[in-house]
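There are 2 protein chains.
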Amino acid sequence: MAEATLFDEETGGAPSTPARRPRRAKPAGAAEDGCAPGENRRAGRTAEEMASRQREISVAEFFTKNRHLLGFDSPLKALLTAVKEAVDNSLDACEEAAILPEILVELSPVAENRFRMLVEDNGPGIVPEQIGKVFGKLLYGSKFHKLSQTRGQQGIGISAAGMYGQLTTGKPVRVVSRAGKRAKAYEYVLTLDTARNKEEIHSKSEIEWHRPHGTRVEIELEARYQKGLRSVDMYLKQTAIANPHLTLTYVDPGGEKVVYARSTNELPAETVEIKPHPHGVELGRLIAMLKETPSRSLGGFLQEEFVRVGAKVAKDICARAKLSEKAYPTRIAREEAAALHTAIQETKISAPPTTCISPIGEALVLAGLKKEIEADFYCASTRPPAVYRGNPFQVEVGIAYGKPGGVGLELTEEGRIQKRKAAQVTEELVGNADEPIRVLRFANRVPLLHQQAACAITKAVIQTNWKSYGLTQPRGALPIGPCAVLVHIASVWVPFTSESKEAIAGYEEILRELRLGLQECGRKLGTYIRKGKRLQSEYTKRSYIEKYIPHIGLALQEILDLTDQERDATVSTLDDVLQKSRKF
Amino acid sequence: MAEATLFDEETGGAPSTPARRPRRAKPAGAAEDGCAPGENRRAGRTAEEMASRQREISVAEFFTKNRHLLGFDSPLKALLTAVKEAVDNSLDACEEAAILPEILVELSPVAENRFRMLVEDNGPGIVPEQIGKVFGKLLYGSKFHKLSQTRGQQGIGISAAGMYGQLTTGKPVRVVSRAGKRAKAYEYVLTLDTARNKEEIHSKSEIEWHRPHGTRVEIELEARYQKGLRSVDMYLKQTAIANPHLTLTYVDPGGEKVVYARSTNELPAETVEIKPHPHGVELGRLIAMLKETPSRSLGGFLQEEFVRVGAKVAKDICARAKLSEKAYPTRIAREEAAALHTAIQETKISAPPTTCISPIGEALVLAGLKKEIEADFYCASTRPPAVYRGNPFQVEVGIAYGKPGGVGLELTEEGRIQKRKAAQVTEELVGNADEPIRVLRFANRVPLLHQQAACAITKAVIQTNWKSYGLTQPRGALPIGPCAVLVHIASVWVPFTSESKEAIAGYEEILRELRLGLQECGRKLGTYIRKGKRLQSEYTKRSYIEKYIPHIGLALQEILDLTDQERDATVSTLDDVLQKSRKF
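Chains A and B, in that order, are what the protein sequence lines are. Throughout the first sequence, residue numbering follows the working numbering, covering 1 to 584 in sequence. Throughout the second sequence, residue numbering follows the working numbering, covering 1 to 584 in sequence.
Heads up, a few of these hints could be off.
Because identical chains cannot be distinguished in the list, a pair is counted as satisfied if it fits within a single copy or across any two copies.
Taking lysine-lysine and the BS3-like style, the derived pairs with C-alpha atoms no more than 27 Å apart in a straight line are [said to hold, decoys possible]:
#1 Lys65 <-> Lys77
#2 Lys143 <-> Lys198
#3 Lys291 <-> Lys204
#4 Lys291 <-> Lys65
#5 Lys146 <-> Lys198
#6 Lys143 <-> Lys65
#7 Lys459 <-> Lys77
#8 Lys371 <-> Lys524
#9 Lys181 <-> Lys315
#10 Lys291 <-> Lys348
#11 Lys65 <-> Lys133
#12 Lys133 <-> Lys291
#13 Lys65 <-> Lys198
#14 Lys198 <-> Lys275
#15 Lys133 <-> Lys198
#16 Lys65 <-> Lys275
#17 Lys547 <-> Lys315
#18 Lys291 <-> Lys198
#19 Lys65 <-> Lys348
#20 Lys326 <-> Lys370
#21 Lys370 <-> Lys459
#22 Lys459 <-> Lys65
#23 Lys181 <-> Lys541
What the hints contain is simulated information worked out from the structure, not anything from laboratory work.
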């Protein structure tokens with residue numbers, strides 16, 4: 001490396017005296033130091049040698065090496081992620097086809113650290129030509145390019161689960177699907193060619209299947225099964241809470257079967273796909289859209305490609321940008337596009353329609369909480385829709401409160417008779433339950449179990465002042481109390497912090513809505529807790545009266561030499577006076 | 001939706017009585033319920049309708065919509081990410097070419113919320129044919145497929161920065177590069193076609209350039225500039241600490257120039273590219289390798305495709321797997337491959353060579369800390385290399401301690417004269433400095449500024465018991481004290497938690513090494529702090545003696561009627577006796 005040092009001293013002058021703006025065509029002289037790579041060094045590579053090593057990376061290779069980005073970092077998490085991707089797809093498909101979903105999830109141990117996952121639905125099925133791509137190609141799907149509320153949005157999930165299974169066990173994915181009663185059922189056995197990110201179909205065959213329509217996917221994978229806060233069991237329970245229209249049958253690796261029956265026969269309100277809102281479109285995207293549009297005039301382009309732009313708004317925008325409404329979109333220059341972009345931002349345009357999102361609704365949030373969590377008090381709030389970066393979204397909050405020892409972890413089993421102990425909600429409870437509250441996070445009805453600390457929902461819960469609602473709260477931490485807080489964000493595009501979709505990114509607009517929702521629901525909780533505290537204090541006072549008045553009666557009897565009758569009358573009068581002096 | 005309900009009741013039987021193993025060919029009957037999609041519903045789509053909407057998603061479209069995954073979630077972070085990607089590339093290129101790096105970073109405000117970033121290096125340059133792909137295509141590069149320690153590893157970074165610039169400002173990327181003195185310098189102006197993930201070259205021209213070799217990239221982007229813990233300034237300062245062989249000139253948006261001069265003329269030790277270690281290879285990968293290998297025998301395959309497999313180990317593995325060494329790799333069946341995989345795991349194989357990683361080294365960690373952080377005590381430890389999933393890695397820890405008001409944030413300016421106040425390291429200091437320690441995280445010499453809480457380094461610092469080293473530490477939190485802890489992980493493949501490479505995933509092997517390194521360095525700190533405490537207690541005692549002995553002398557003089565001489569002699573004797581009675 002001694003030569004490198006020499007080299008350094010020779011060229012040292014150039015970068016240590018840079019001009020404020022770099023000199024593009026500095027005359028020679030500085031260039032005379034004469035140390036082109038390839039000359040004055042021992043071990044280094046030349047630009048040509050480096051160029052020969054450059055190559056394209058397949059997206060499947062990328063995610064194989066980075067599979068922790070997709071949620072496959074440990075055998076424990078891999079099992080959850082695989083189930084989640086399959087169930088999310090089943091739910092999306094059923095809802096898109098307007099079918100009330102019935103899903104079977106079955107986990108069977110195959111060997112040590114190896115499980116077979118089977119997920120079967122009564123959805124619309126997949127046409128045979130698409131099966132290979134849907135299960136054997138990353139970044140392929142129907143949900144990425146449209147703006148509507150779906151669980152999946154990336155076109156990665158289920159193929160990634162198959163890829164992980166293949167990587168860890170060498171086994172292919174088995175898919176059975178039937179696209180309607182008049183169609184045939186097919187079984188496909190396939191793997192993913194990672195170097196080309198392309199499906200490899202090992203076999204396809206027509207089979208008999210009892211279902212008139214639906215899809216079944218089987219993946220064998222290296223995994224670990226464990227109950228607890230971040231288990232498949234917990235994911236399925238929470239899925240049942242957030243999807244009251246779902247009937248879910250779950251057979252765990254021990255062969256135990258749980259059925260979560262639906263509590264409503266109504267499908268979530270149908271969502272409408274929307275076009276992008278002008279205020280959420282970046283300049284670069286606008287330029288690309290101008291290039292690609294089939295519209296033949298700028299005015300038409302604005303009205304056709306965006307939501308909430310009518311003739312008047314289009315005219316306003318063009319006028320503000322000093323562009324003709326009749327201009328050819330493809331001929332708009334970059335500077336003109338920039339003016340158009342600025343004009344759009346400055347023009348008042350209605351918020352996007354919110355028919356594209358479907359919240360769970362206060363009534364069903366309450367029903368879900370009551371069905372699965374045993375508590376003494378429930379409340380829920382649904383915020384009006386809001387917008388971030390042009391994307392509509394909506395926040396819902398539900399609270400279950402009051403069960404000694406902390407609520408939220410211990411979800412009741414289906415059908416369990418709930419014994420409410422309303423009288424027990426007292427100051428003592430709040431004091432005793434010394435664990436942080438449970439936060440149940442949902443995005444587009446999907447429970448989020450991992451990366452709690454990194455999630456905007458957790459941040460918003462921490463930023464909320466729970467002391468004013470009767471809970472204790474350490475500085476910068478979750479409040480303490482026997483309480484579970486459910487938070488749901490529904491959006492046409494949920495900004496997750498990673499491909500594994502475990503936490504929501506902290507956009508300011510989203511944090512704000514979350515805080516407002518939590519406050520709304522928190523106030524209801526506060527009213528309840530304060531009432532509980534008042535009742536408790538009443539009860540204490542009353543017990544004092546009941547305890548001491550008779551003794552006072554006896555003492556008075558002795559001092560004043562009263563008859564037993566006179567004594568009882570005095571006690572009764574005293575009692576009345578004291579009870580009345582308390583403010584009910 | 002009423003029809004959907006009907007449908008549900010009719011098929012309800014099927015999923016509620018699933019067999020332990022699903023029946024693949026259940027005879028009709030159950031299939032007679034007759035509700036194919038398309039019949040019994042109002043609004044749903046059929047499988048055919050859905051199929052028509054399926055399409056491939058370009059990786060560039062994916063990352064445009066998910067740009068927060070790449071670190072471009074806010075204008076503030078975008079600026080840092082763009083600079084980081086460019087500087088990382090420059091450093092990698094210089095080191096690969098064995099050139100002592102000299103880098104210029106210049107940020108110029110262009111408009112409100114818009115900056116021009118310029119990064120220029122004296123690296124080997126890029127051959128013209130590659131410029132388009134390197135800057136205009138995601139998932140393209142030379143570092144992904146090789147196992148060696150580099151800053152970049154994904155082939156995404158710099159193209160993503162350009163893509164973000166293009167998206168937010170509509171402006172193309174400008175690149176100047178010259179691949180050696182005898183080559184010509186070219187200027188390229190290009191953008192990225194997101195729908196196809198392909199470069200679009202707007203212009204290329206031969207230009208005069210003062211540098212004999214190097215690359216300059218200019219990107220205009222929407223951004224916000226701010227000083228502080230997560231600023232470009234901080235990133236560059238920390239880069240200087242971890243790369244003592246780098247000379248870096250930084251012109252900030254205000255036009256202020258800072259030069260970080262190199263403190264060593266030695267390049268980091270050259271790293272050697274290695275083949276994968278057999279113990280880190282999953283079954284699926286093994287099967288793929290068997291298919292792709294040019295080797296014509298299993299024995300040869302094992303020796304040629306893996307590191308640390310010689311003739312004897314290859315023979316052992318084959319024997320254990322009950323396979324012939326002469327078997328054709330491409331003809332190994334899946335079951336045989338599984339046996340091979342198990343045999344590999346059971347065979348003792350030496351750890352991979354560690355010439356593929358180059359730590360900073362204790363001496364240079366110390367030098368870096370001393371140069372940039374003003375403190376009273378410094379120590380550093382470099383752990384021996386270790387392995388996770390077949391990937392060698394190495395952990396280094398450095399500590400700077402003791403400066404009232406908290407060290408770590410206030411890095412000294414280059415050339416600032418450091419005034420040490422060793423005598424001030426006392427109990428008082430530890431007590432007063434009531435802020436958490438600063439954790440400076442590095443991966444392959446790159447500072448990590450974001451997502452501190454999600455990072456394995458932070459977790460390991462929290463898991464370390466700092467009380468035994470003289471710092472206070474709240475439960476489950478960072479210790480408190482005037483202290484900066486530098487932690488560096490060098491590896492051929494750093495497992496980041498997201499594409500933006502801000503935090504390291506918590507693999508158990510990595511956490512373990514981190515804890516050991518922190519303990520090693522912590523013990524040195526503990527010795528120092530305890531010595532400081534002892535010195536302080538000595539000092540207090542001495543000051544008592546000096547304060548009270550003369551008064552005792554005066555009192556004795558009065559009581560015993562001593563002369564001034566006798567008094568002074570007595571005082572001197574007393575002083576001696578007391579000083580001796582203290583244990584030095």
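Hint-by-hint comparison with the structure:
1. For the homomeric pair lysine 65 and lysine 77, the shortest alpha-carbon distances inside one copy (16 Å) and between copies (26 Å) are both at most 27 Å.
2. In this homomeric assembly, lysine 143 and lysine 198 come within 27 Å of each other (Cα to Cα) both inside a single copy, at 19 Å, and across copies, at 23 Å.
3. In this assembly of identical chains, the alpha carbons of lysine 291 and lysine 204 lie at most 27 Å apart only when taken from different copies (23 Å versus 42 Å within one copy).
4. Taking the shortest Cα distances, lysine 291 and lysine 65 sit within 27 Å of each other only across copies (19 Å), while inside one copy they are farther apart (36 Å).
5. Proximity of lysine 146 to lysine 198 under the C-alpha cut-off of 27 Å is found in both arrangements, the shortest distances being 23 Å within a copy and 23 Å between copies.
6. In the homo-oligomer, the alpha carbons of lysine 143 and lysine 65 lie at most 27 Å apart both inside one protomer (25 Å) and across protomers (13 Å), since each shortest distance falls under that limit.
7. Taking the shortest Cα distances, lysine 459 and lysine 77 sit within 27 Å of each other both inside one copy (23 Å) and across copies (19 Å).
8. With identical chains, the CA atoms of lysine 371 and lysine 524 are at most 27 Å apart within one copy only, with a shortest distance of 20 Å there and 57 Å across copies.
9. For a Cα distance limit of 27 Å, the shortest separation of lysine 181 from lysine 315 qualifies neither inside one copy, at 51 Å, nor across copies, at 56 Å.
10. For the homomeric pair lysine 291 and lysine 348, the shortest alpha-carbon distance inside one copy (25 Å) is at most 27 Å, but the shortest distance between copies (60 Å) is not.
11. For a Cα distance limit of 27 Å, the shortest separation of lysine 65 from lysine 133 qualifies both inside one copy, at 21 Å, and across copies, at 22 Å.
12. For a Cα distance limit of 27 Å, the shortest separation of lysine 133 from lysine 291 across copies, 22 Å, qualifies, whereas the shortest one inside one copy, 29 Å, does not.
13. In this assembly of identical chains, lysine 65 and lysine 198 lie within 27 Å of each other by CA distance both inside one copy and across copies; the values are 17 Å within and 23 Å between.
14. Taking the closest pair of Cα atoms, lysine 198 and lysine 275 come within 27 Å of each other only across two copies (26 Å); inside a single copy the shortest separation is 30 Å, beyond that limit.
15. Taking the shortest Cα distances, lysine 133 and lysine 198 sit within 27 Å of each other both inside one copy (7 Å) and across copies (23 Å).
16. In this assembly of identical chains, the alpha carbons of lysine 65 and lysine 275 lie at most 27 Å apart only when taken from different copies (15 Å versus 35 Å within one copy).
17. Taking CA atoms no more than 27 Å apart as the test, lysine 547 paired with lysine 315 passes in neither setting, with 81 Å inside one copy and 89 Å between copies.
18. With identical chains, the CA atoms of lysine 291 and lysine 198 are at most 27 Å apart between copies only, with a shortest distance of 16 Å across copies and 30 Å within one.
19. Taking identical chains as interchangeable, the C-alpha atoms of lysine 65 and lysine 348 lie at most 27 Å apart only when they sit on different chains, with a minimum of 25 Å there against 47 Å within one chain.
20. Taking identical chains as interchangeable, the C-alpha atoms of lysine 326 and lysine 370 are never at most 27 Å apart, the minima being 58 Å within one chain and 66 Å between chains.
21. Taking the closest pair of Cα atoms, lysine 370 and lysine 459 come within 27 Å of each other only inside a single copy of the chain (26 Å); across copies the shortest separation is 37 Å, beyond that limit.
22. Taking the shortest alpha-carbon separations for lysine 459 and lysine 65, only the inter-copy value of 23 Å comes in at or below 27 Å, while the best intra-copy value is 31 Å.
23. Taking the closest pair of Cα atoms, lysine 181 and lysine 541 never come within 27 Å of each other, the shortest separation being 70 Å inside a single copy and 94 Å across copies.
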